[in-house]
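Based on the hints, put chain A with the ligands in the right spot on chain F.
Order-wise, the sequence lines are chains F and A.
Take 1 as the starting number for the first sequence in the numbering used here and just add one per residue.
Take 1 as the starting number for the second sequence in the numbering used here and just add one per residue.
Keep in mind that the hints were calculated from the coordinates and are not lab data.
Even for Gly, the Cβ is constructed at its ideal location relative to N, Cα and C.
Among the hints, erroneous ones may be present.
[Claimed, not checked] If you want the footprint, here are the derived chain F segments under chain A, 3+ residues with CB under 8 angstroms:
no., region
1, 72-79
2, 322-333
[Claimed, not checked] Computed list of lysine to any residue pairs in SDA-like fashion (alpha-carbon distance at most 25 angstroms, straight line):
no., chain 1, residue 1, chain 2, residue 2
3, F, 132, A, 100
4, F, 54, A, 100
5, F, 113, A, 142
[Said to hold, decoys possible] From chain F, some residues computed to sit far from chain A (all C-beta separations above 10 angstroms):
no., residue
6, 299
7, 313
8, 351
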Amino acid sequence: MTDLVVQGLSKSFGSNQVLKALDLTVPSRQFVTLLGPSGCGKTTLLRMIAGLEKATAGEIRFGDRRVDMLPPGERNIAMVFQSYALYPTMDVARNIGYGLEVRGTPKPERTEKIGAVAKVLEIAHLLLRKPKQLSGGQRQRVALGRAMARRPDIFLMDEPLSNLDAKLRATMRGELRRFHLDLGTTTVYVTHDQLEAMTMSDLVVVMNEGVVQQIGTPEEVYGKPANLFVAGFIGTPPMNLIPAKVVDGVVTVAGAPLPVPLPPGAPAELILGVRPQDVTMAAPGDAGAVPGKVWMVELIGSERLIEVEIAPKLRVTAEVRASHRAAMDDLVAIRPDPAHIHLFDPATGLAIRA
Amino acid sequence: MRFRLSDRQVGVLFMLPLILAVGIFLVWPIAEAVRLSFVRYNPLRPDDQPFVGLDNYLFVLEDPLFWESFWQAIVWTGWSTVLQAVIGVGLALLLHQPLKGMNAFRGLLLFPYIVPTVVIALNWRWLFNSEIGIVNHLLLSVGLIDEKIAWLSTPSMAMASAIMLNVWKYTPFVVIVVLARLQTIPTELYDAAKVDGAGVLRRFRDITLPQLAEVLAVVIVFRTIWTFNKFEEIYLLTRGGPGTSTYNLALYAFDQSIANLRMGVGAAAGVIMLVLLLAGSMLYIRVSGFGREDKAA
Ligand SMILES: Nc1ncnc2c1ncn2[C@@H]1O[C@H](COP(=O)(O)OP(=O)(O)OP(=O)(O)O)[C@@H](O)[C@H]1O
Ligand SMILES: [Mg+2]
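In isolation and in its complexed conformation, chain A is listed as follows:
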């Protein structure tokens, strides 16, 4: 006896691995998070999970720490993304120059992106140590500051340090994407603009920037989502402190779930993040006009 599969069945078979993977690693966790957000769940009492309706959400929305974390997450994400975009485009323009040895720099650029976050965070803690860190030592010896700065133990400086770490680590991602796009812009366009009399700045504004617009839209969306959700950098560098001054929503959710044993509340915070990011991304892509060009053509 022989099995004969229809084309349709073969097609389904081919899709099965992906469907399974997406189901197990994407759909199920999200569904589980949504379910958890409607129950009270203490991990020490896994057998007792009463349905509590919107209680977890109400708890989160009435918690001042949630709102503090929310606004700090905005600051953290906003500065990180803007700095990464600006520095990333700037570095990409520099690395796009046809100079000898540029390839070595292009390779070097990947370094921060490759090193594990733990290593970076621990190193940065040493670098920024107010007593024995090299940052203070250098700034003092150059004469830029008169007294040691408490980088990680004053609230605003701690946030700034965390942002710096994020920018340092993820700017290479922006550079690579932007550089790839820059390399596809025909040089004849710049020649034409030179003949038309456009200087460096005008050529950047009228030729480079419009061509980068699409890829920048994508990069900014990705960086925003990843930074907004970022947990390990802040946790490893400052543990959210001093106090709660570097909490973002990821740290808040972690804090509720693991430290306070309120899994339901943590899940509710996670679902809120998901909704915020979905809405934000859709809005941004709409406003930036991503993909519109192609549809018109």
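This is chain F alone, in the form it adopts within the complex:
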């Protein structure tokens, strides 16, 4: 029953400030994902929670226990590394039981715990092998087993699925989620794959350049992005972000008025965000639609992406059913669904909410 609190945490490598006064609370028993582009400081944050990296400023608490001056071994955490970091000279059983061995757990008890973990992970037949003799997926399970065997307060995982092929990754996503529900251990999971973040997490922490951009459930970060970065980062294909003007109290895009409810106090210049899934095709001249010319058409399986140029260099993507036909240079119009429009202040980048 341990929640994890990070307060004002900063980290610099030389003059390169990687984390900037970061605040974060991970509630007990939750599966929390750190999501952000490469180099934004996810691994650094995770390593600081583990104690493998010293903070420049700030503090870390597990429950009411302050841990940032404790060595990793005394924090009772377990970590799964991206490369798995299995001990190459030890067999699978010893790998799984090493944390117990170091802590002086007697052999019979150790063997029993290793056996139990191996059974859950379905790797009991591999216990005598060396890591070299395992497949990627099997190694991943052993790494997981090593983390589980000690019954840690907190699980830390750094992109544990990134070395697996797409199919195995999908399977392991489900399994990790199931293990989490069974064990109920507080988990911090690092990924830059938003599909992983969306499907597995209770909470998603979106990071960029060492700063937390938004913390929320997957629904929240997808449905109510707090700022332009989150809006552009979450969702595939990415959200259309279109400059708009307020003319006589009406939002207009490329000169076409749109029936968008305008919150009071909105600035005269806005950025209108709408996901391709929330854009439908219309005929030029239809009310509530913006006319334009088809720029590109892409088939992505059951859907088709139609990119429409509504002003020079300004294109909007619509995701429609594959049965919808369109040809290059057709004159069409796009109609954003007024119920799913996001407005942002271009000056601050923050969402404007009613």
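Here is chain A with the ligands on its own, set in the frame of chain F:
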């Protein structure tokens, strides 16, 4: 008319330089040594080389100086190799620390390895000189000893000095090999062990040492062979003395061949060394399990 060579002939041509070099510099000397060990050969009478069967071997095996040299060679090789391995691994661990300026130390380390043995041996003779050497002077002034130590003229001290010289000169070789291996161990393994709660000593024992095992096996075999055969350091430092107290088999063979003009006996001693080293190396590699890991995988 044109020559056309088959692939096979071209292949042989490519191998020819190596075959020649190995033949001239490796096979022929060994064969010649084996032949010499079965004849009586006084270099002042090169025309007279009668075949004497196993006489040279019998002579060697019945010679008390051979056995003295043999046991001294074991002491010399054993201590040198063990000290080099232990100090070498220790220094490599130190030099592996990610500290500023470490590269300068890594470079400096090569120094003893580069300097010619003659220079080192002569310098050491001065350093260890019991009357005017700096070693005694320093030890006296620090108060570690009360009277001057006769480093090179008492038997046990002479052996110790020779071993020290060997350790000083060849430890860098161990350091370089071990350091290269250390640098290939992924740091994530240490991170994982820290998270598992392992302290410095456990991390060394459970992660570093097992990964060094293979390279240490090779290093120890090489150092053993080279030290066992070593001639010039001892010869230049002590000439085998005082008395015969720092003779090893190389000095014995040299002594028989050159000083006593018994080339056949010297060759027999050399062949015995060859056989001993071959057997020892094979045994060690078997026992240490070198290369087994890869075959299993
Ligand atoms: N030991 C280090 N020394 C210097 N700079 C470092 C060190 N570790 C990380 N950095 C820098 O810190 C920044 C954040 O790195 P970090 O590994 O936390 O990114 P990440 O979010 O995990 O990225 P990825 O998704 O690619 O794994 C990067 O700019 C990186 O260059
Ligand atoms: Mg990372």
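Taking the hints in turn, this is what the structure says about them:
1. Remark: the region 72-79 of chain F is confirmed as covered by chain A, as 6 of its residues place a Cβ nearer than 8 angstroms to a Cβ of that chain, reaching the required three.
2. Look at the region 322-333 of chain F against chain A: 0 of its residues bring a Cβ nearer than 8 angstroms to a Cβ of that chain, fewer than three, so the hint is violated.
3. Between residue 132 (chain F) and residue 100 (chain A) the alpha-carbon distance is near 35 angstroms, which puts this suggested pair outside the 25 angstroms criterion.
4. Taking the CA atoms of residue 54 (chain F) and residue 100 (chain A), the gap is near 19 angstroms; set against the 25 angstroms cutoff, the hint holds.
5. Of the pairs offered as hints, the one joining residue 113 (chain F) and residue 142 (chain A) is violated, with about 58 angstroms between alpha carbons and a cut-off of 25 angstroms exceeded.
6. Every Cβ of chain A is farther than 10 angstroms from the Cβ of residue 299 (chain F); the closest lies at roughly 42 angstroms, confirming the non-interface assignment.
7. With a closest Cβ-Cβ approach of about 46 angstroms to chain A, residue 313 (chain F) is found to remain outside the 10 angstroms limit, as its non-interface label requires.
8. Residue placement check: residue 351 (chain F) keeps its beta carbon more than 10 angstroms from all beta carbons of chain A (closest about 38 angstroms).
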